[in-house]
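Between the sequences and the hints, there should be enough to build the whole structure, so can you do that?
Chains as they are written, first to last, in our numbering: chain A, 4 to 275; chain B, 11 to 315.
Hints are all accurate, no fakes.
Only pairs whose alpha carbons sit at most 30 Å apart, straight line, appear in this in silico DSS-like list of lysine-lysine: (1) A:Lys104 with A:Lys191; (2) A:Lys225 with A:Lys191; (3) B:Lys128 with A:Lys234; (4) B:Lys180 with B:Lys216; (5) B:Lys128 with A:Lys265; (6) A:Lys225 with A:Lys265; (7) A:Lys99 with B:Lys128; (8) A:Lys104 with A:Lys136; (9) B:Lys41 with A:Lys225; (10) B:Lys128 with A:Lys225; (11) B:Lys194 with B:Lys41; (12) B:Lys128 with A:Lys201; (13) B:Lys191 with B:Lys277; (14) B:Lys41 with A:Lys234; (15) B:Lys180 with B:Lys282; (16) B:Lys194 with B:Lys277; (17) A:Lys136 with A:Lys201.
These aren't lab readings, by the way, just hints derived from the structure by calculation.
Every value quoted in this text rests on a predicted model; they were computed, and no experiment measured them.
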Amino acid sequence: MKPMIFTLKKKPRWRLDLSSLTPDRLSAVQHITDLELDYGSRPTRLGELFSISGENPEHIELRRTTELVTRIGANMTRGHISVKAHGGSYLGHGMKGGTIKVNGNCGDWLGCEMYWGRIDVEGDAGDYIGAGKHTGMYGMRDGLITVWGNAGNRIGDRMRRGMIMIGGDAGDFSGSGMVAGTILILGKSGRLPGYGMKRGTIILGRRPDRIGTTLANCGTLKMEYLRLFFKQLSRMGSRYRFFRNFGPEVRLYTGDLANDGKGEVMVLLNRG
Amino acid sequence: MNINGVTIDDTFAEAFPMKATRLIITAMTMKYAYIAANSLTGFASSVIACGCEADIERELRPDETPDGRPGVAIIMFAMSKSQLADQLTRRVGQSVMTTATSACFAGTHSDTMLPLGKSLRYFGDGYQISKILDGIRYWRIPVMHGEFLCEETTGVVPAIGGGNFLVMAKTSRHGLNACEKAVKAIRAVEGAVTTFPGGIVGSGSKVGSKYSFLPASTNEVFCPTLKGRVNSTLTEEVGSVLEIVIDGLNETAISEAMRAGIEAVCKNGPDKGIYRISAGNYGGKLGQYHFHLRDILSPIATIAS
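Here it is, written out as structure tokens:
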């Protein structure tokens, strides 16, 4: 079966909530064009906004979306969503399963409070990736977020478990208030990674602009765990194969001592 | 039946159900992987008094291990899950974790899992870190050489213990020469191990004793020095009997290991002091698995004849 393709008829003028376009919801709906979406301050019929083709609700494809769309794949539990344009904000918010692939960029709050599943973004993403909303206790609980481009500030803020991988550069305060999980930033990272972290691991491809004074320097070490970690990553597909060349040598920092933290920030010294 | 001039008795090896788990032990070098594995499998020849039976299954290349370092696979057997769990914690904790640069991973995954790092993590005294990769939880325990990395659990599977055969030789030298070849051949069989020292049993036992406190005692009918005193089946030329005991993950592994081992022994033949192959059983009353020598060896015997 061909994927169900939703193409935006025209650029939205206001915020457009696409949380209804998930495999879970579409499988349960009789007349998809009558499905109501929150557009600005009023509900609008899906048929008015999108042209629809294809028949497989387990594989959804979104085209011509802009930065004004929001909550793509929110709370989804299964299936696959492919976004051929901009992913908007709050993509994968609270998702519990399935996969989302974005060919373009994404806005803020990518994968925030997600429980499980996998998000793959080809372009850049904004602030608060995998973070917890201000009203929530924790950030992402599990799952994998990969951003092959650059990322904004406070990625993994208060994250509880799971992994965030940034292929490019990241902004300031990565892993701030982190409780557990792993953040991997291959490019340059901004100031004060691991600020206020309790536990968890931040692995940096390059030394950051500034390491917090409350992260204690443990010196240069071989972390044998990284052999296992990189070997597993290298098996995730051909695109991840370069991790085979990474070595376990790191400069290790632990903290945040100001928060009685036992987290760790590792700056990789051997990238093959 | 005879193979290469060696008589094969019309009897069977009697084996019984056990529980088993496979572990993968890695280290910075193969030498230290072996040191850890040898320490773990030391004093694990028989459940009669060791608590478990264990041996090295095979070497693993770096590309076969989870962390990309050289390693060895070992299999541990016990009579029950609780016994196996107890021995796992003791032996991995005292033998593997204490070996410099070592790490320990599950070699089997099943519906029933036993605690591995789950128990050992407390050694980290609060500094231990858990990581979940691909759905599997690992524990990183800070130790003086760096970190001891250990998978949280390991799978327990039904297994079989007590597959065996007896090699009747002219002298111990002749018997050992043949049995060493047999052990080497058995090592090549996946899922089967020989848990006794060197893979060869020099003092095979029978169940029970004239002494009420002993669960097992010497198998006098196969003792050459008692030939004239007991109802022995040993012929005059037999001066030494050695036993090879095989534990395996399934019946196929044990059958294959017995076949490979006996075939290797028989290659020596009477010219090199090997006269007869038999097997140990308890009249079929103790174990539910019966490995009949002639059934297992019929393909070889046909070829030989």
